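A.B. asks: The listed protein sequences correspond, in order, to chains A and B.
Numbering of the first sequence is given in this note's numbering, commencing with residue 1 and proceeding in unit increments.
Numbering of the second sequence is given in this note's numbering, commencing with residue 1001 and proceeding in unit increments.
Because the hints were derived from the structure by calculation, they are not lab data.
Since the structure is predicted, the reported quantities are computational estimates derived from the model, not experimental observations.
Every residue, glycine too, gets a C-beta built ideally from N, C-alpha and C.
It is possible that some hints are incorrect.
Unchecked claim - Coverage of chain A stretches by chain B, computed from C-beta distances (three or more under 8 Å per stretch; other residues unrestricted):
1) 22-32
2) 36-43
3) 98-106
4) 175-183
5) 254-265
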Amino acid sequence: VERWVMMLQGGNLAQVQHVVLILSGKGGVGKSTLTTELALALRHSGKKVGILDVDLCGPSIPRMLSVGKPEVHQCDLGWVPVYTDAQKSLALMSIGFLLEDPDEAVVWRGPKKTALIGQFVSDVAWGELDVLLVDTPPGTSDEHLAVLENLKKQHKVDGAILITTPQAVSTGDVRREITFCKKTGLRILGIVENMSGFVCPHCSECSNIFSKGGGEELAKLTGSVYLGSVPLDPLLTTSIEEGKDFIQTFPDSATFSAINSIAQTLLTSIQNP
Amino acid sequence: MADIPSDAPQHCPGTASEQAGKTSACQGCPNQNLCSSGATKAPDPAIEEIAEKMLTVKHKILVLSGKGGVGKSTFSAHLAHALASDATKEVALLDVDICGPSIPRIMGLEGEQVAGLSLCLSPRYVEDNLAVMSIGFLLSSPDDAVIWRGPKKNGMIKQFLRDVDWGELDYLIVDTPPGTSDEHLSIVQYLSSARIDGAVIITTPQEVSLQDVRKEIRFCQKVQLPIIGVVENMSGFVCPKCKNTSQIFPPTTGGAERMCEEMNLTLLGRVPLDPRIGKSCDEGKSFLTEVPDSPAAAAYHSIVQSIQAYCLSHVPREESAG
Chain A
1 VERWVMMLQG
11 GNLAQVQHVV
21 LILSGKGGVG
31 KSTLTTELAL
41 ALRHSGKKVG
51 ILDVDLCGPS
61 IPRMLSVGKP
71 EVHQCDLGWV
81 PVYTDAQKSL
91 ALMSIGFLLE
101 DPDEAVVWRG
111 PKKTALIGQF
121 VSDVAWGELD
131 VLLVDTPPGT
141 SDEHLAVLEN
151 LKKQHKVDGA
161 ILITTPQAVS
171 TGDVRREITF
181 CKKTGLRILG
191 IVENMSGFVC
201 PHCSECSNIF
211 SKGGGEELAK
221 LTGSVYLGSV
231 PLDPLLTTSI
241 EEGKDFIQTF
251 PDSATFSAIN
261 SIAQTLLTSI
271 QNP
Chain B
1001 MADIPSDAPQ
1011 HCPGTASEQA
1021 GKTSACQGCP
1031 NQNLCSSGAT
1041 KAPDPAIEEI
1051 AEKMLTVKHK
1061 ILVLSGKGGV
1071 GKSTFSAHLA
1081 HALASDATKE
1091 VALLDVDICG
1101 PSIPRIMGLE
1111 GEQVAGLSLC
1121 LSPRYVEDNL
1131 AVMSIGFLLS
1141 SPDDAVIWRG
1151 PKKNGMIKQF
1161 LRDVDWGELD
1171 YLIVDTPPGT
1181 SDEHLSIVQY
1191 LSSARIDGAV
1201 IITTPQEVSL
1211 QDVRKEIRFC
1221 QKVQLPIIGV
1231 VENMSGFVCP
1241 KCKNTSQIFP
1251 PTTGGAERMC
1261 EEMNLTLLGR
1271 VPLDPRIGKS
1281 CDEGKSFLTE
1291 VPDSPAAAAY
1301 HSIVQSIQAY
1311 CLSHVPREES
1321 AG
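Required output: the full structure, derived from the provided sequences and hints.
C.D. replies: The following block contains the structure:
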């Protein structure tokens, strides 16, 4: 009974300890990949984690976690999230689950997207979670405003992590996302530089395919915390493709170390604001 | 009637929307009765105005993807450079990525902003025969964020098409943001009375990308936008030291090739990963001029030739007879 009362009073986020948005101004920098990997790393360190995927046009997370196309049920408190394991340590909600045909395009204008995102934020019965990560599409538009407005109504947003790749074409967009955060009063927990160099598996030569150093420069320029960098790793991209748990499969890799370090810094930051 | 009237509430769906006058946001709006009566859903006069404007544009090509970060802007820019390398052709590049306008930087036009917020819609010129338009030019600082909802973005796109003085063009290339939303619907709607030659779809090899790209292809089919073909970008990386190839974005489900077979589309070509491409883009230079002998440049040229051939062979009867 107490849990019900709490829910009714505080809404579906009442037992979620922390909510973190994963943002970028730029597409294709690895928001969904890093949301998935950070979630797996946090779970690996014993936390109960949820992922809310509000990329309505391109929902990537279901594939990355190998959950396929499960049926989504409603309970009295709202939608029941999909759990990736029997222990219910990782929960997921994505519009990918609501589409009849996975190749069907969601061709919606802003207001309809806004309405669905409002529902996603308040009507998913997350239960108890240590951290809810919210994966977003690129940009500074309807989805971002909708998710932020709805989270704020429930007084529930710790801040945002911004993902960039090293090159200027990327940091140029992420600067605008930083402005979005500042204008909307969203705390910037830090910047992550993804695709930070590629080490050839044959000869170990490092190539800076997407340039170098941009993430750290951006952090300095904007007075943000630099959380770290993650290299380009075909083992990671293959894991993500196949919906495998990279953290379990390659616990000794430099990439895992990098992701884990970012996850731990994030945890410290949100637990000690 | 303006798409979003000045007295509309915050979540106004737009007067031309099917939901006009019917959403919860419409309650209490002075225009609610008018909108729900259907009077505002008369075809937007801008569509005909734009069609008129577009009579002097021979070929219109959209560059699309469902997926972000696959290289749409990079490709659009280099397509524009390649087409404009023929000095007898007039080419323009329109960037309708309102939130993340990359084209000014990639085309070497950063810092071309007019002081203060400008309504001036004159395109900027990279070469005498290569014009560019982007919202990036209207922003006074690289930190400015365009935090607009759909209806306002649509208004900007309408202005870009109707109010920019494009002049006579052989090619208008339109670079789009990722997704299947306001920008894409608007471009297709506003150009609905002007003939679009077709769309070039950009993808990278992995399924995470293809699954979004299939949606984009479905979108094109739904709105009857012809698809010129698909470009597979970031297709393998050759290590400059040992020359071995790594599939950094692995084609675990057969890449663009299999997708094209399954969906009966043309694979225009594959462009390998080359660090010099990103570097050129960052520096605002054309990779085709900077590194002309690379495999990536050769791939680009072959793809551009295929696109040109498509455009020239798909001129409708009325035009070719005249």
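A.B. asks: If a hint holds in the structure, say so; if it does not, say that too.
C.D. replies: Hint check:
no.	hint	result
1	22-32	holds (count 6)
2	36-43	violated (count 0)
3	98-106	holds (count 5)
4	175-183	holds (count 7)
5	254-265	violated (count 0)
The structure fails hints 2, 5 (numbered hints given earlier, in ascending order).
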